[in-house]
Amino acid sequence: MTRWYPLASSPASWRGSFTVSSTMRPTGVASPASSTGTGFGAAVSAAAVSSGDSPPSSPPGPMPAAGFPGATSQSAVESAAQSAANFGGGEDLATEAAPPAVSFHHVWKRYGSIEALRDVTFTLPAGTVTGLVGANGSGKSTLLKVAAGFVRPARGEVRVLGQTPGVELRRRIAFVAEVDPLDPWMTVDQTVRFVRSFFTDWDEDQEGELREILELPGRRRVGELSKGMRTRVRLLLGLARVAPLVLLDEPFSGIDPVSRRRIADAILAACRRGGRTILLSTHDLKDAEPLFDRLMVLAGGRLVLAGDADELRARHGKSLEGIVEEVLA
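Just so we're aligned, residue 1 is where the sequence shown starts under the UniProt record's numbering, counting upward by one.
Since the hints were derived computationally from the structure, they do not count as laboratory data. Keep in mind that the hints are not guaranteed to be accurate.
[What the hints assert, rightly or not] Between beta-carbon pairs, the in silico distance windows are: (1) 317 <-> 204: 24 to 34 Å; (2) 215 <-> 105: 40 to 50 Å; (3) 193 <-> 106: 39 to 49 Å.
C-beta atoms are modelled at their ideal positions from N, C-alpha and C, and glycine is treated no differently.
Build the full structure now, drawing on both the sequences and the hints.
As structure tokens, then:
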């Protein structure tokens, strides 16, 4: 039996899936040299990078939005797009002063008959925090996986940190996925030491600050922790690295209010250190809204609203949460 460790982006020299024997002693932490395999993915399950994510042989054509979970009809998505236009949201978030950290140009992604991303175009300037908002099944996770290089688009162009996403780029990306790959018999301290050993960009000062903010119980086994506390551990593993791009998939989903506040504080602490672009997906803006410089809204795989957060609030006289509710109504 083997255990998967898809916790963080792998150095460019690694390939494949990193595995650790389940017979290892719980009291110790395996060293990379004694483990089998040659790498591990960036906080996304092995299933997410299976052959099923290969692009179709021909570019996808339009399909009714009714075929995509969360969208009721083609007209509903088009109506949302028109609503976004009425709100003054634009697709392009880049500025001349800040070259884009992430750019999508007419990107499509299909899973079988379902189009998860439909003609998505946007650019994000470096050094900003962007909220990617939408209902469950709107395409948020797929967009993040495409940006991280774990899923290839069916068509369109993607540029991340000036490169085409792929194995060589993953060492510069910290991806904290919604899936929980942590091994239950390892303690929090063992887990952190294990992951830290693989990265030259690990910031121990940042780790210490995050440990205090997140209030992690270092000696407890991961399997004894609540969902919220396990999410805090995964967030530390992503934010303790000095990665220029951080992708966070639903870090606030299904966790207790205390953990939500701690996670928001940890993200703010990472932002204060500067030099990072953060793209965070969520379907709930309650605790996340104060974090965002930018906002993007997905519906049925389409980008229906994008803009500067302060400009959107000033223009419409309401919170981002209120704007999103109206756009998606």
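Hints and how they fare:
1. 317 <-> 204: 24 to 34 Å: violated (45 Å)
2. 215 <-> 105: 40 to 50 Å: Check passed, 42 Å falls within 40 to 50 Å.
3. 193 <-> 106: 39 to 49 Å: With Cβ atoms ~44 Å apart, the hint holds.
When each numbered hint is compared with the structure, a violation occurs for hint 1 only.
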